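Visitor: The two chains are supplied separately, each in an independent frame; assemble them into the complex guided by the hints.
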Amino acid sequence: MAAVESLPPGTPSAMRNAFGTVLSALILVLIGVLAFSIRLFSVIKYESVIHEFDPYFNYRVTQFLSKNGIYEFWNWFDDRTWYPLGRVIGGTVYPGLTLTAGTIWWVLNAINIPLSVETVCVFTAPVFSAFASWATYLLTKEVKGSGAGLAAAALLAMVPSYISRSVAGSYDNEAVAIFALIFTFYLYIKTLNTGSLFYATLNAIAYFYMVCSWGGYTFIINLIPMHVLLCIVTGRYSPRLYIAYAPLVVLGTLLAALVPVVGFNAVLTSEHFASFLVFIIIHVVALVYYIKGILTPKMFKVAVTLVVSIGLVVCLIVVAVLVALVASSPTGGWSGRSLSLLDPTYASKYIPIIASVSEHQPPTWPSYFMDINVLAFLVPAGIIACFSPLSDASSFVVLYIVMSVYFSGVMVRLMLVLAPAACIMSGIALSQAFDVFTGSIKYQLSSKSKDDAEDNTSTKNAPKDDASSGKADKGEEVAKERLSKKGKKKEREPAEKPSVKSKIVKKKALVLPLEASIVALLLLIMLGAFYVIHCVWAAAEAYSAPSIVLTSQSHDGLHVFDDFRESYAWLSHNTDVDDKVASWWDYGYQTTAMANRTVIVDNNTWNNTHIATVGTAMSSPEKAAWEIFNSLDVKYVLVVFGGVIGYPSDDINKFLWMVRIGGGEFPHIKEADYLRDGQYRIDSEATPTMLNCLMYKLCYYRFVETDGKGYDRVRRTEIGKKHFKLTHFEEVFTSHHWMVRIYKLKPQKNRIRGRVKKLKQKTTSGVSSKSVKKNPWM
Amino acid sequence: EANMMNLSRSVALISLFLLPLLSFSFSVDNPTDRRVLVLLDDLSLKSSHSIFFSTLKSRGFDLDFKLADDSKLALQRYGQYLYDGLIIFAPSTERFGGALDSKSIADFVDSGRDLILSADTSASDLIRGIALECGVDFDEDSSAMVIDHSSFSLSDGDHTLIAADDLVKSDVILGKTKIEAPVLFRGVAHSLNPTNNLVLKVLSASPSAYSANPSSKLSSPPQLTGSAISLVSVMQARNNARVVISGSLQLFSDRLFRSGVQKAGSPNKYEKSGNEQFATELSKWVFHERGHLKAGSLVHHRVGETDEPAIYRIKDDLEFSVEILEWSGRSWEPYVADDLQVQFYMMSPYVLKTLSTDKKGMFHTSFKVPDVYGVFQFKVEYEKLGYTTLSLSKQIPVRPYRHNEYERFIPTAYPYYGACFTTMAGFFVFSFVYLYHK
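First to last, the sequence lines map onto chains A and B.
At position 153 of the first sequence the residue is numbered 153 (UniProt numbering), and the sequence of numbers has no breaks.
At position 75 of the second sequence the residue is numbered 75 (UniProt numbering), and the sequence of numbers has no breaks.
For reference, chain B alone in the conformation it holds in the complex (with noise of 0.2 Å):
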């Protein structure tokens, strides 16, 4: 057994030494993603959605596009993973080629990797089922699509093209600018569940859109109606990798990429619609070439000291600071923000400071210990949308005074000192004169 240790401790050490060397994607240092592999059902995806994977492309991406049944499918080689990211364009495939499936592509984001699924109507159950560990719900009813009688786009009158322009407010997500054209989109609706807070509704339908089959007589109410329909949808894990899920496959063709769009009852026209910057910002996101901080270690010290103390003192004065940082893209940039907040926790904050920041990376503040001793941590919880989540968080013990550090003469006890001395000359006194008093 101590030998299987040993050895795998090696190839742990070796594979240390050569990743850096095979590969300079994907790490700690560099978040963007690199090497993507693009599934299709059907090759001619890659000519219908140019713009969107030449816009990679020229992004620096490398892109290997598969067909999703090819029986020579792998994610991981040797234990190692092939790829940084995932693009999964087969909303029709039942069932993937090779050692994938839907347990395998979610350990792929477990493992901190990035996926963009795109479904569409009639999406399969794998592709349903890959969606739903995403924490996204796809409407039952595979032949029903998103229908809007009052938001849809005017160019071909069809009420399932969707012309949606309710997107999530952040600058992290979608981009600094604006996007000014409705978005266009045909395709499946899905729901998230309001408990879970680690999706996201990026693209929500107007209040009047429903999802039904539009081919049949509605014969119930829908079960998915109004804003509660979301369009395009971003998961963020909770190690930080990112999804983006999407009804419709549409959505990122050449063919809505160029086409122009004027909403019903609206009377802007837009030459081109909103898809090629959305679809692109979203993926900008999504590959982390955007809203991907880093932190450097929790740093403390008493006030007037530069060195980490091991313990600390009760009403001790101490500086905290941290640096963060945010990835541009091609480099590491100091985060601005005036949000970020320190706790003193022990069971609940008992310190709770906004870090002041001197716009070079560094955050810091300063405080006094409070008067409880304690194991105490150093907590740094940051989750802001768009942002990768911190979680950041070291122990110090707090201990008491010693015996030594108090007071040695509390002057309202002073009565009670001159009382002990007045005794003790008494007595002497009294004990003087009893004994030789003759």
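Next comes chain A alone, as it looks inside the complex (with noise of 0.2 Å):
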């Protein structure tokens, strides 16, 4: 609080701010608590697990963390996934997740909380989403004041979509990533404002942490150079500008080099070009600025045309030479989830294990209102406010607005990059209507009672140190100055002083009927409201289901199934350590994580070949398949089957993924072989290839055995083929709820029969041995 400081001490307005210091930070706690409390019904409502997939992945590579250390697990050599490959688990993985919580268990242990990994992983996405509010008031105070920054961060404390990733036990890389995206704008916005090296290194270091903690980090070295070159083109060029971009493409390229899982692609792949572009640009700009500093303007020109003309020649050598450097490359040197968001048609085209992801998928309308509710009306405001005055960081934030908008619109799960800008935008707009609403009512109140002093009053009932009021703002304006003075800037932004002088003037003209603004103060509350609401059921209802125990509510009381830990729990009282367990990707992590067993596929989807083997072998006959897991030494087939409790997302409804996954990679698996018309069913219309297959049979052996007529309540249709036995698999177990379905591989036959061949042969053909054949006991 560098304002308040610098205030003379003892003035009322001093006084003000002191106290709206102490609030603001009060309310920022509160918002923390908030966040951190509203993401715990996942632990009131079912118990304190680690949720769905992945997260039991980052489990266990925090377990072996706590217990080996740091360099063992940098090391570490996974031998019990991608069996025989096995996986390089220090070099494959975003380590920044694991560490934190790895930290956070270590420092509770020394200071003797004896906390388990568990508990602490379970509770790291809620602490650091009250961090995440953090910084999002930090970014958005630097943005439009601290009013604004207050409001996005109570916003975003409970924005659904950022809940449906961060609530306890979902322990996911984007439960920290989300804290280090919007700490890394924070902070570039911050040097931006500020021009000072200082702030520009803790950028490079947020960025390093945002490295190491998500692949979204490639976000970030996008987005700011696009912002560099958008200032660029505009015209607002300037010393803070460079020291905000420079270093931290240097230090930042650097530091993510250092990250395993990144290494060399940090300067390899496209996705990181375009900072190395606009990193020359600015220096070439940087260039002319100076060079137009020490030139007259005649000689500036002949000097332009001479650079310009050579410049160009140069600049389409390097392009050609770096597009035919791309093009060579098969991908083009793109990533295929990063092409997938340039063309979202792409990975359904392409790249089959992409497209079957259903987060992957382009999000449907509702999901914008289920995930962002009333943020959405408020974002176009928010723009708006941003564009009175534009300054660099507002245009940042509307930046930033309009990339994650489209992004989110190639994947769902990129929603969560959306949050926290609709949510700054949001912030703004209700701060904005807020000071416009409560600045009326007070001009208004006070005119009515004193006609004469209508000046002084409006500036003296002006809302504390809020960005939009005149005075305050020509305040932060003067802040704003020192700092930058601070950071050894004795330039003076000569635009501003008429900015801040037009916006004076703006607001006044602002000044809105008592009554309309009464009514929309309340409308704005019952918005508020609404999304409170939403926000809180979502935490409640929607997103707090920890996916490996569901309920259902029915007429007669709650059914709680907890097959996936049942049968994960068999697995490792009744196996053998060594034992290697075949299920389609998804169940990979929580196998290895639960069940402490060896599993040939994992949810990291690192080699589509090993993946389509496994696909290939559900879609194949039985001793097809039984041949592909024998070569692959696996003991116990894993499927998971939803048809009795109506479960939707088994293997069943994940088959056709399998198929073509398998089919891309092996063509005699052809995904027109298990459709009838196109369609995909499993009655009795089904095609012989789908009844056949094995995915088919181990999910449907002896179904028809729990009501007699086999009729499956997810896909709501009795099943094709009701009677069959399995001869090279045989049943070991199945679940309560019949959800999970584990077979053996039966062992190869201790002899070989003779003459089945022959035997068919001569029923045909031989009519004496038929004689003989039928009455054998005479």
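Hints in this document: simulated from the structure, not taken from any laboratory.
The structure presented is a predicted model; accordingly, all values stated were derived computationally and were not measured.
Note that the Cβ used here is the ideal one computed from N, Cα and C, for glycine as well.
None of the hints are false.
Examples of chain A residues toward chain B, derived with CB under 8 Å:
| # | residue |
| --- | --- |
| 1 | P84 |
| 2 | Q748 |
| 3 | G754 |
Straight-line C-alpha distance at most 25 Å; calculated BS3-like pairs for lysine-lysine:
| # | chain 1 | residue 1 | chain 2 | residue 2 |
| --- | --- | --- | --- | --- |
| 4 | A | K746 | B | K394 |
| 5 | A | K746 | B | K379 |
| 6 | B | K394 | A | K635 |
| 7 | A | K749 | B | K294 |
| 8 | A | K623 | B | K103 |
| 9 | A | K725 | B | K103 |
| 10 | B | K379 | A | K749 |
| 11 | B | K201 | B | K176 |
| 12 | B | K103 | A | K744 |
| 13 | A | K292 | B | K438 |
| 14 | B | K359 | B | K176 |
| 15 | B | K272 | B | K178 |
| 16 | A | K744 | A | K635 |
| 17 | B | K394 | A | K744 |
| 18 | A | K744 | B | K379 |
| 19 | A | K746 | B | K103 |
| 20 | A | K635 | B | K379 |
| 21 | B | K394 | B | K353 |
Guide: Here it is as structure tokens:
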């Protein structure tokens, strides 16, 4: 609070500022508590468990880290996944989350708070969402003052989109990455506003933390260059911009290359090229400004024509070389996920393994309303507010929201990146609106009582130190000026003063009638209330299910389906430690973490061929599948089946993806063979290939015994083939609600029987033998 | 349920202790069979085949003769097998007495126990069924016999008494002493599925043989002809249980044992047929007196170390050894061979090395771990004609280099190191000059 300190103490405005600071601090603490506690529904309604799939892997890694230390973790070669290839965990994982939770656990234990690793993991996400709220406050404060900051922080603390990824137990990269993302942006804006190298260095470090945490760091390293380019194009180049950007690229790239999973990708892949290009451009621009400063205008013009003509030729050559280099690599140097961001149809066309993940699908309109609710309506207002006046900082958040809206439209998962932007925008919109309305009310009230002293009251009664009120804004400007002086920036922005003046004029014009203001205020409060109600509902009902324990409410009470843990426990108690379990990759992480058994494929989908092999096995008839599994030393096959209780995300519904992914590598698996007239069905109309494939058999084996008809409650139909036997697999475990079924590969037959072929031949041709065969006991 | 588990576990424990006391037969340490059940369809066979039985007895076997339709027949009692081997000399039996049927005999084989089965002309469907289970197809025509107009025995001029000398070339199955005299055979032909790699012809018919009813005229070409006809076959199951299936019961009879033989068209006349030697040697093989291998555990360690590591690093040098012993009938002798190989296997063999032997049963080799990380297996797959199959594997992960196991400085990168430091120095000098140059 440099602004507060710099003012002479004792004056009423200083007192008000001090009071405001304390109040904002208190509000921030409360927002932190809110952010933390709204995410505890999952613990209260279910239990303190790790959720879903990926968190189990992160949990397992954290356990390893806490047991073996950071060097072992760095060099960890995991032989229990991707059998027999194994996986170098240390080099293929984003270590940020694990190291964070590991450090928290270590610190807590060092000060004699003996929490288990699991507890720490469960509560990491809620803690970091409090941090993210505070980071949002800081970022928005840099853009539009602390009022907007508080509003944005409060909105972010409970935005459903973010809650969905950060409830207690959702121990995933995004939990810490969103904080890192916002904090990096904050430091960038802070550097941009102050021009301080100190913040620039902090920014690079925050970026490093983001790179450690999540692959989404590419969003930062593309968004910031875009903003820099935008600033340059709109004539907003300044030394502050240079300081905000150049150290970030140099330090950030060096630091990013230290993360094993990124390594040389930081300079090799196309995702990072934009930043280097802009790095060159900003240097050229800086040089141009410098030359402009030392040359006369006439000389400058000559120099420009000279340089431009030579520069164009050089640029063309460089671009041609770059294009040739990039084009020579098969994917053009872009990774599949990034390509599908640019061309949303890319993944579904070429990479079924990316398209098969539901969170990589484009979102539907209702999901926008579900995930950001009323923010969707406030965002446009926030964008307008950002344009009056447009500063470097506000242009950044505008760019941020535009980009994140685009990306969220490509993948549901990136809704998460949109959420903070939407919160910031809505916070700005709300705070501006409140300013206008409360300002108008105060003005109207005072003008009614005292008609004469119009100007004075309006300025005196201006709410606290908000950016919107003219005087406070001026104070901000002064503070900024001082800060920039601290940062050894002697230059003053000539453009700022007129903008501030015009703002004051505009503000005065924005005085609304009293009644309209009151009604509008009430409506805004109602809007906020709806948002809160929706968020609490979403946190409590929609996003708290841990997905390893399912519940369903029916007329005869609450049903709990704990089949997953039941079967993983069965595996860990009844199978040999080194046994290999094959399942579709979704269950890989859970099997290794909960059952401690070796799996063939898991949720880290790094080897398409291996996944395709499992997909092919699942799509093949029993004997072929047995051979594939046997060649991989598989002992048990696990399938998830929802037909008994109506659990829709089971393996039969995922099966077409297995066929597609398998067929992508092994062309004898053809999707058309599994479809009847383009329709995926498992009833009596289903194709023979479908009814004979391993997945069908393992899911529906003995299914008819449950109700006598074989009625599948997910597909809402009777199954096509009800009575059949398994020859190469034997059922060893079926969970209570039939959700998980585990089969064992039968060993190879001890003997090979003779004459199976000949017998047929004989019965058709041999007459004499037939008579013998007919009545053997005569 | 837990009680049940406990109970069964303690029963298993007790029986584990008692088993060696009750019988010292058929265990891993002593693979030769001891107690053999002989099923006959007529007790007169006991005297007509007495030489064969007495050689078995003299080798220490405890023969238990039973009629095939004895109502008290049982192979096991209280879940324990009563016998280690089974001889079925009952070709005409349509149905066994007691609890015996073709399935229980198949189970007997699947439990690792051995079987000698002999069919004969007009063998019953039961016997054919058992043979079928073992991968042997007898001629469908029950009245058919093997007829050979060129290599029959001259002794009684009957073309159905075959003098066969096409024996499998295996010292393990038929002994080191060569069987000089032809083996006399009168009985039914059978064939093997060529894709079945568990069965093996021991005694094949000559190319001129065919299978038909000798008393009737041939109306259509015979189904089985030439050397596709097998007279005596063996099967070694995947669990190393051994089975001998013969198309002729007479082959084991005293009469053919004693009979002299002269093959048609051959000047050599033998005082005594090859039958006795053939049957005896074959019974030695089938009852695991020969060709039974035992492997110790696979031992491996880094060169220069003795303890087995939990994980290897790529490009480690390692030493591998395994001990393999052969059962001589009485004791375990070192196995000597130069064709034993080890694979270092991950989906495909990355290393394939022939092991060298010290003639004391130890086989060893050393090699470098390939430059590929993953979960590897040491695999020894040894399938040699006549010997029991050895299929050993041991899993071992191979990790990449640790972060500090790479070279610290690469010679070719020295220009880059130089560039780094000169840039830093240059920047420092530049800053100094820029800041303090007035």
